[in-house]
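Peer 1: Sequence:
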Amino acid sequence: MESSQIAALLEEAFPDCRISVEGGEGKFLVTAVGDAFDGLNAVKRQQAVYSVLNGFISSGAIHAVTMRLSTPAEQAATAS
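The working numbering puts the sequence shown at residues 1 to 80.
Keep in mind that the hints were calculated from the coordinates and are not lab data.
Be a bit skeptical, because a hint or two may be false.
[Stated by the list, open to error] Pairwise CB distance ranges (calculated):
id : residue 1 : residue 2 : range
1  : Leu29     : Ser51     : 14 to 22 Å
2  : Ser80     : Glu12     : 15 to 23 Å
3  : Ser80     : Glu25     : 34 to 42 Å
4  : Pro72     : Gln46     : 15 to 23 Å
5  : Ser3      : Ala77     : 26 to 34 Å
6  : Gly55     : Ser80     : 35 to 43 Å
Because the structure is a prediction, the values reported are computed rather than measured.
For each residue, glycine too, the CB sits at the ideal point set by N, CA and C.
My request is simple: use the sequences and hints to build the entire structure.
Peer 2: Quick look at the structure:
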């Protein structure tokens with residue numbers, strides 16, 4: 001599975017988020033910033049992303065995913 005394929009899946013599931021996917025050979029880094037994560041703790045955010053990717057993880061197309069998930073306000077606060 002290509003990083004662009006994962007990005008397309010996540011962009012469809014989270015249309016208001018900025019999505020970036022890096023990596024290959026089954027190991028990926030997903031960075032997503034959007035209001036969709038507002039009010040969700042880290043576990044709930046990851047569960048939302050995993051719900052989109054679980055079929056590919058189960059099939060072995062994706063071996064490992066590292067996630068950086070935040071709201072625009074959180075990203076702005078860490079950039080300061």
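Peer 1: Taking the earlier hints as the rules, which of them does this structure contradict?
Peer 2: Hint 2 alone not satisfied by this model.
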